[in-house]
Every structure is written in C-alpha cells, then in structure tokens.
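Given the coordinates of chain S, assemble chain Y onto it according to the supplied hints.
There are 2 protein chains.
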Amino acid sequence: MKGFVKKILENQTSCAKECATAFAPSNIALCKYWGKRDPQLNLPLNSSLSISLGSLGTKTTLSACTKQKDEIWLNGTVQDTNSIFAKRISEFLDLFREHLNNSFFTVRTENNIPTAAGLASSASGFAALVLALNDWAGWNLSRRDLSMLARLGSGSAARSIFTGFVQWHAGHQADGMDSFAEPIDVVWPDFRIGILTISDQKKAVGSREGMNRTTNTSTLYKAWPSQVENDLKKLHKALRHRDFTRLGTTAEHNALAMHATMLAACPPLLYFQPETIKQIHRIHQLRTDGLALYFTIDAGPNLKLLFQKEQQSAVQSAFPELTVIAPFSENI
Amino acid sequence: MKGFVKKILENQTSCAKECATAFAPSNIALCKYWGKRDPQLNLPLNSSLSISLGSLGTKTTLSACTKQKDEIWLNGTVQDTNSIFAKRISEFLDLFREHLNNSFFTVRTENNIPTAAGLASSASGFAALVLALNDWAGWNLSRRDLSMLARLGSGSAARSIFTGFVQWHAGHQADGMDSFAEPIDVVWPDFRIGILTISDQKKAVGSREGMNRTTNTSTLYKAWPSQVENDLKKLHKALRHRDFTRLGTTAEHNALAMHATMLAACPPLLYFQPETIKQIHRIHQLRTDGLALYFTIDAGPNLKLLFQKEQQSAVQSAFPELTVIAPFSENI
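Read top to bottom, the protein sequences are chains S and Y.
Taking this note's numbering, the leading residue of the first sequence gets 1, the next gets one more, and so forth.
Taking this note's numbering, the leading residue of the second sequence gets 1, the next gets one more, and so forth.
Bound conformation, chain S alone:
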C-alpha cells in the first residue's frame, strides 16, 4: 500500500499548513460494491455507482501534533489510542507519514450523520481525511488521485470524494492505478432519499466479513458480475433520461441481488430483520397502489427509500419517522 501511495505522491512536495479542514459527504450505492479483487489495495471486483448525501457526512480538521503519537477525536471526544476507530485512522496515516515530514496529527472528526441511521461513516470519514491531508500538505492532487487514496482506507470512500451521482471504476490493472471514482454529469434536483432506520444494533457479521464469506462460499456470486454489468448500463440510461422508474427498479433489483448472493453463502448471511421484510412488503404494496417509491439496502437491516419531490409528502405520510435527504438541494 505504501508503494501505491508513493506512486500517487511522487511529484508532490509537502508544504505544511498549521491546520486544514475538509468535508466529504456520505454516499449510498445504487449499484453495490460487493467483492474485492485485491484486499490489500481495496480493489473491487465490480464497478459501482452511488448518490452522495448532500450535507450529511464528515468534517475533518487536521493539525500537527507535538506528541509522538496521533490524537484522534470523534464528535468532540478524544478516542483511546487502542480503540478500533483511532487505530484505523492512525494506520491509514502511517501510509502517508514519510510524505508528511513524519508528522503525527491531531485529527478532529465530526460526523453529522444520525448515528442511529445505520449509515456507514467510514466512506465520508476517509474521504474527508484524504481531502484534509491534501490541503494540509499542499499536494494539489487531482480528485481522481484523491479517490484512489481514499479507497485505501475504505472502498466506498473513493466515491465520497465527489458529490452527486458518482461511479467508481473497478479497473483492471493489478497495481490499482485505474480504480478511481469520477462524477456523472447529472443534476437531478427532485431526487430524494429517505433513511428508514430499522435497527441501530451492531450487526452480527460485519460487512467486510460478509463480503469475504459471500465471495468464498456463494455459488450464486458467480453470476454477480454480469448482474452488475446489466445494472450499470440501465442506471446510466436512467440517469441520462431522468427515468426514475428505471432507476428505482434497477437500484432495488441490484440491492436485492446482492442480498441474494449473501443468502446463498454458507453459513447463510441474512441481514434482514422481521421489520425489514414488513417494510419491503409495505413498499411493494404502496407501489402496487401507484406510488413511485423504491428502495435500496446495504449489508444491514435498514432501508434507504428512493423517490422524487412530487411523492415526498405521500412518502412522509406513509413513513413519518423518515429522514429525508435532497442530495442536490439543501433547502427542502
């Protein structure tokens, strides 16, 4: 991984600022990242496509730390050096230290994602950290390069370097230099996402382990790459034509197909809770009754509803507890 970092930073000189701050949005995949071709470099087996969550994400402030270790803060509280959170950030910083005057850092991380929403904060977290590093050290890297650096921390962080609809290209090269994210030039002001929290309990099997078990034991996973290939084509077409029905159908289909590969793992991975199934049946019934409402679901029990501004009041009547996000407009 350090070799990869060296390649990206080879023509850069560091010029440390006192303090640098950056924000990166969280994102939700409409075509899921599911399976790695290289776990070291976090290279995915398939390309993925996401929508970023507007102003929901992570703000990270970076400054040099005079102690001989990093000091990691999360939402105003200093984290124990041995905590998983602090260790993951420090180990990530280790990849860069030789390009950063071997400095240690005070990292202040602020997540404004409702913690109960079951949204991954590692994507926005590593993206914000990389953006802050770039600013702190004055690297002036391209966003494409920054997406590849963020990828090393968490695969989906590659997509959080951009806003709006984003594609992360799987790439083919073994060195990972062609596995980067890029924005899709589509603005869709009426697009809405609703976070439907089913459970904020810790998952029995983490998504990294779930991904490994699926790729290692699920026979049906063999058909996943062709599923993705079809879905990406459909999503691009839907985005080009602002065809919400096609977009919703495809995103829902893709998410359920990912869960299908997990269900067929051994031992089986069943992230659904009873309430997940109840709400899925409800969404299907509402759709039968004429409401243009779809969902996506990650490796967990919570649902993310997909709809447009026109349906917002009907959707909020049906799901009063919904957190609604307008990715292209701060004022909804």
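Derived from the structure by calculation, the hints contain no laboratory data.
Careful: at least some of the hints might be erroneous.
Note that the list lumps identical chains together, so a pair holds whenever it fits in one copy or between two copies.
SDA-like cross-link-like pairs, simulated, lysine to any residue; straight-line CA separation at most 20 Å [to be verified]:
1) K309 - W188
2) K278 - S199
3) K222 - C266
4) K222 - L45
5) K203 - H284
6) K278 - D200
7) K278 - I198
Chain Y in isolation, oriented as in the chain S frame:
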C-alpha cells in the same frame, strides 16, 4: 403430452376394476426442483431430492362414472366442475382417456395433510391418482413409469410415487423418457421433520409463476445448476454416512439459494414474511447454542424443520406449535 402417455402405455391393455384406491405421501425437497426445461412435459432443469412424509398425503379412490363427465370429490365434498381443482384433475384424466375405454370417473380425494400447514397437496394428489389409475386399469406399470406419468400432473408428484428419500432425475432427452424418480436405499428411523406454519394465506404469486419469473429474469439463476450439482453430491454423501450436520447444512443452503434466485428476480419475489425471518434467526441462534436443528423452505413463508429423534423434545420445547413427522416410523 398424449404422445408421451401413449409411449408409456403402448404395451398395456386395460382391464377395468369396479373401484381402485391408492395412497401417496406428500414430500419435501432437500434439494429443490426449481426451473423447467420443458413446461409441456414438466421436464425440470435440475435433478431434485426429497424425503416423503410418511402417512401424510393423499388417498384417492377411483370408479367409473356413468355421467358424461367426471365427478370430483375433495375431502367429502363434491367440487364444482369449473373449479380449478376439478378442472386440473379432469384435464389430467383427458391425457389417459383413450387408454381407459374413454371412461369418465368419480374421483374421491382425501388429503390428511393439515391444510393450514402450507404443504403442497398436488404432489401427493397426482401421485395417488396415477397409482389408482394403474390399479383400476390393471396396467401393471413399473414405479419408474408411474413417476413419469405423475410428473405430467405436477413435477414434484414424480417423487411422491416412492417413500423415504427419493431422487427425481432431470434427464437429458427431449422426449422426457429419462426424467423419472427413484428411491434412495437409505433408512433413517431417527429422522424428523417439523412443520412450522407461519401463514396459511394464499401466496401473492403462485410457485409456478414464481418459477417462470425467476428463470426468465434472475441473472443469479444462471448459477443455480452448479449449486444443485454440488448440493446433490453433498446430500448423497450425507445420506450414505448418516451425517446429519452435512445433510442439514446442505438442505438449508439449497433452500436459501433457491430463495436467493427469487429475490434477484425482477420484479423481486419475496416469499418471506416478517415471522419467517424471526424464526430463521431463532433457529440460527438455537444452532449457535448447540442444537442440531436446520430448516428448509419452499416457495412460501412456512418453514420445515429438520432434526433427529435425540433433539425432538428440545425442538418441541422451543416450538410448541410444531407438527412433527417421523418419515420412517409411524409411532413417534
């Protein structure tokens, strides 16, 4: 289909009895029949393996009817000629009429399967009907041939011609003459099945339509044949060695993989109810706690638990509402 019947019956002469009665057991697949290569001849895309349900099934009594139409009874009540049940049986009898002195029949069908148990009665129904026809007409067909005739009424009826563990071979021939069931020579007196009824409501999408939608739209279905190939090998090995862990693991894996192919259909097929998921999580927890308990599930919300005599009291304590079946022993 009539051509197929003619081939089977070409050397038979009919010698009508006044009345003939036959019983056939219901069966539950441990490796599922899912997908057809020929819908007319009911030829499956994959072989399947089942366990029959002892004395639970269908008793059918057949006698010639003097009216110019069939008279179909179900559990003591005569059925309307235009009912789905009566039509399905009459249309099946039409296939045979030219070999049966062009007779019409009084068919008395008695199912002793609890109707609320969500168990298919078409398998045992068509098997019992074919067995009764064979007796009535004095055909003396082999069970292999009878399984092929029963198959024309309902695919899984081929397996209900035998008791115990049964394999239905998919076959390769276009004429269907190599797609028959045969018994597996394994007696397992301690084997138990528990019927856990979640819902007895009619399914929103019938299993025949579900099968078609899956094979037509589910990309993951492409990997189903290799799933089955592996699972059949494992099941045969498990049966040879009376290896219950391997048998339970494989049967559960196979059923969930079938549901996975449905989940990845478009529109998605989600036969799970919230209660299904709750009970699956409960079974997994009981297994984590040391109980040798597995399940299988067909295209519906109900679960069929798999365990052995040694675990019966523990399983019944956990699921007091369970209907327990001992396929190899009437006295449990």
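Status of the hints after comparison with the structure:
For a Cα distance limit of 20 Å, the shortest separation of K309 from W188 inside one copy, 10 Å, qualifies, whereas the shortest one across copies, 61 Å, does not. Both within a single protomer and between protomers do K278 and S199 lie at most 20 Å apart by alpha-carbon distance, with minima of 13 Å and 14 Å respectively. Both within a single protomer and between protomers do K222 and C266 lie at most 20 Å apart by alpha-carbon distance, with minima of 14 Å and 19 Å respectively. Within a single copy, K222 and L45 get their C-alpha atoms as close as 11 Å, and across copies as close as 19 Å, so both meet the 20 Å cut-off.
Proximity of K203 and H284 under a CA criterion of 20 Å is satisfied inter-copy only: 15 Å between copies versus 25 Å inside one chain copy. Within a single copy, K278 and D200 get their C-alpha atoms as close as 17 Å, and across copies as close as 17 Å, so both meet the 20 Å cut-off. Proximity of K278 to I198 under the C-alpha cut-off of 20 Å is found in both arrangements, the shortest distances being 10 Å within a copy and 14 Å between copies.
Of the numbered hints stated above, none is contradicted by the structure.
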